[in-house]
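Engineer: Sequence:
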Amino acid sequence: PTHAGAIEALERIYRKSEHWTPLRTLLEHAGRSGARDQRPAHLCALGELLLERFDDPDGAADAYAAALALDHTCAAAHRGRQALAARGGDPDSLLAAYENEAEVTTDRARLRFLYGELVRLLVERERPEAALAWAERWIAVAPQEVEALEIARRLHRELGHDAPRVAALARLDPLLPAAEQAALRR
Numbered sequence: 001p002t003h004a005g006a007i008e009a010l011e012r013i014y015r016k017s018e019h020w021t022p023l024r025t026l027l028e029h030a031g032r033s034g035a036r037d038q039r040p041a042h043l044c045a046l047g048e049l050l051l052e053r054f055d056d057p058d059g060a061a062d063a064y065a066a067a068l069a070l071d072h073t074c075a076a077a078h079r080g081r082q083a084l085a086a087r088g089g090d091p092d093s094l095l096a097a098y099e100n101e102a103e104v105t106t107d108r109a110r111l112r113f114l115y116g117e118l119v120r121l122l123v124e125r126e127r128p129e130a131a132l133a134w135a136e137r138w139i140a141v142a143p144q145e146v147e148a149l150e151i152a153r154r155l156h157r158e159l160g161h162d163a164p165r166v167a168a169l170a171r172l173d174p175l176l177p178a179a180e181q182a183a184l185r186r
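For the sequence shown, my numbering assigns the number 1 to the initial residue and increments by one for each residue that follows.
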């Protein structure tokens with residue numbers, strides 16, 4: 001079936017009746033032969049199915065990669081790759097998955113999350129210069145984000161950048177409550 005309505009109906013039936021193998025076959029076929037704009041969604045559903053029901057992380061990775069080849073901004077495929085990386089426990093893979101999505105997404109809320117995670121992972125891996133670069137991008141997306149400014153201030157101090165640190169402090173000052181402003185100014 002290549003008709004979108006038929007694919008959706010069969011997918012619902014197979015999921016409700018828990019017929020995983022026919023669902024897998026359907027999603028594989030739809031990912032190859034379905035409507036071009038629907039293929040990434042079918043491939044992401046296939047990746048999720050392969051991971052959850054068939055314990056096939058390699059197949060899931062291939063499905064997500066195929067979805068991203070069709071649409072490099074596909075959020076579901078990026079999140080699938082991140083889930084795979086988190087499941088594998090490899091921080092470098094997770095870092096790469098976050099970086100890939102951060103380069104292409106336009107959703108500001110998602111960018112704030114990604115930038116925060118990237119900064120956290122890079123700080124944990126003791127890469128302050130790279131963490132600072134992502135923190136600066138975070139500030140560009142969310143200039144009123146206290147956490148981002150705090151992190152930038154801390155990283156500038158750690159790296160010995162006095163002028164940018166003062167600039168971060170000046171931007172942070174009006175965002176804090178009065179009691180914290182006094183400590184910040186000291």
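Be aware that a few hints might be false.
[To be verified] Ranges of calculated distance between the beta carbons of each label pair, as one might list FRET restraints:
#1 6 with 75: 22 to 32 Å
#2 36 with 162: 51 to 61 Å
#3 109 with 173: 20 to 30 Å
#4 173 with 8: 51 to 61 Å
[To be verified] Heads up, simulated EDC-like pairs for lysine to aspartate or glutamate below, C-alpha to C-alpha not over 20 Å straight-line:
#5 16 with 48
#6 16 with 52
#7 16 with 28
Please keep in mind that the hints were generated in silico from the structure rather than gathered at the bench. Built from N, CA and C at the ideal position, the CB exists for glycine as well.
Engineer: Each of the hints needs a verdict: does it hold here or not?
Structural biologist: Here's how the hints hold up against the structure:
Checking the proposed 22 to 32 Å range against residue 6 and residue 75 shows it holds: the Cβ atoms sit about 26 Å from each other. Against the hinted window of 51 to 61 Å, the Cβ-Cβ separation of residue 36 and residue 162 comes to about 53 Å, which satisfies the hint. Between residue 109 and residue 173 the CB atoms are about 25 Å apart, so this pair conforms to the stated range of 20 to 30 Å. Between residue 173 and residue 8 the beta carbons are some 54 Å apart, a value that agrees with the proposed interval 51 to 61 Å.
Of the pairs offered as hints, the one joining residue 16 and residue 48 holds, with about 16 Å between alpha carbons and a cut-off of 20 Å not exceeded. Of the supplied pair hints, the one linking residue 16 and residue 52 holds, its CA atoms being roughly 15 Å apart against a limit of 20 Å. For the hint pairing residue 16 with residue 28, the CA-to-CA distance comes to about 18 Å; that is within 20 Å, so the pair holds.
In the structure shown, no violation is registered for any of the earlier numbered hints.
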